[in-house]
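Please model the entire structure based on the sequences and the hints provided.
Number of protein chains: 2
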Amino acid sequence: MTMNDTQDEVAIRTLIQDWAGAVRRQDMEGICRDHAADMVMFDVPPPLEARGLPSYVKTWEPFFRMSPKPVVFDIERLEIVAGDEVAFAIALMRCSSGEVGAIPGDLEFRLTVGLRKINNRWTVVHEHHSVPAES
Amino acid sequence: MTMNDTQDEVAIRTLIQDWAGAVRRQDMEGICRDHAADMVMFDVPPPLEARGLPSYVKTWEPFFRMSPKPVVFDIERLEIVAGDEVAFAIALMRCSSGEVGAIPGDLEFRLTVGLRKINNRWTVVHEHHSVPAES
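Sequence lines, in order, name chains A and B. If you're matching positions, the first sequence starts at 1 in the numbering used here and goes up one per residue. If you're matching positions, the second sequence starts at 1001 in the numbering used here and goes up one per residue.
Hints listed in this document are in silico derivations from the structure and should not be mistaken for laboratory results. Among the hints, erroneous ones may be present.
[To be verified] Derived DMTMM-like pairs: lysine to aspartate or glutamate, alpha-carbon spacing no greater than 25 Å straight-line: (1) A/117 / A/49; (2) B/1117 / A/85; (3) A/117 / B/1134.
Structure (structure tokens):
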């Protein structure tokens, strides 16, 4: 956070930090707290997309099953681009996984989050998590 | 396009369709026409990220080298969330590649694009292309 961050940027940064904290606690209610019912998830493992909150919840089950405990889910760098009503955030993230990626252990991944202000509250309507494809 | 699309949504849809057309023509100037100098690319192959337009241009070289001709780069579904100054778009895309993915041939991938209105013109500041990781 710098002196130049707008109020919206601060709110979104806090939202994403709280969300990552909920992932570390395996707190599914916290993970979904700021998410729209019709959000669209592009996750690291298949399928190609998951539409709606029930499908989003399901994407976390294999992650928690395979992740060593305590869960690692760290924000390494987070940049936010916020307008008055629409915003997105891009991040480099680190988790720990025995399943995703060729080498078990720490896994760096990319995250893009799309948000809308709904009823004066920032709400996640899109998440895109990925790792580079192996050639 | 529907009657409900805003002027900004129409402009962004046209921008992304024009960009995909430039990819099909292998027209690098057209590909970069609406892109910010400091844009951040998360691409399908490594590296984890590419920062800045010269690095973005380099990400297209292996794609064009490996892609059968004529280049396939089709928008299968495109959804746009636009505010006055910030917007993002999410899409399912199809390309044809002999390199990326396990099976040569058609490859479906996910695309998220982040945009800012700069000097009254929508400008791409972020692209995130990915395929699901193989387990």
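Consistency of the hints with the structure:
In summary, the hint linking residue 117 of chain A to residue 49 of chain A is supported, as the alpha carbons are separated by about 23 Å, within the 25 Å threshold. With a C-alpha separation of about 13 Å, the suggested pair residue 1117 of chain B and residue 85 of chain A falls inside the 25 Å cut-off, and the hint holds. Between residue 117 of chain A and residue 1134 of chain B the alpha-carbon distance is near 35 Å, which puts this suggested pair outside the 25 Å criterion.
Hint 3 alone, counting from the list given before, is not met by this structure.
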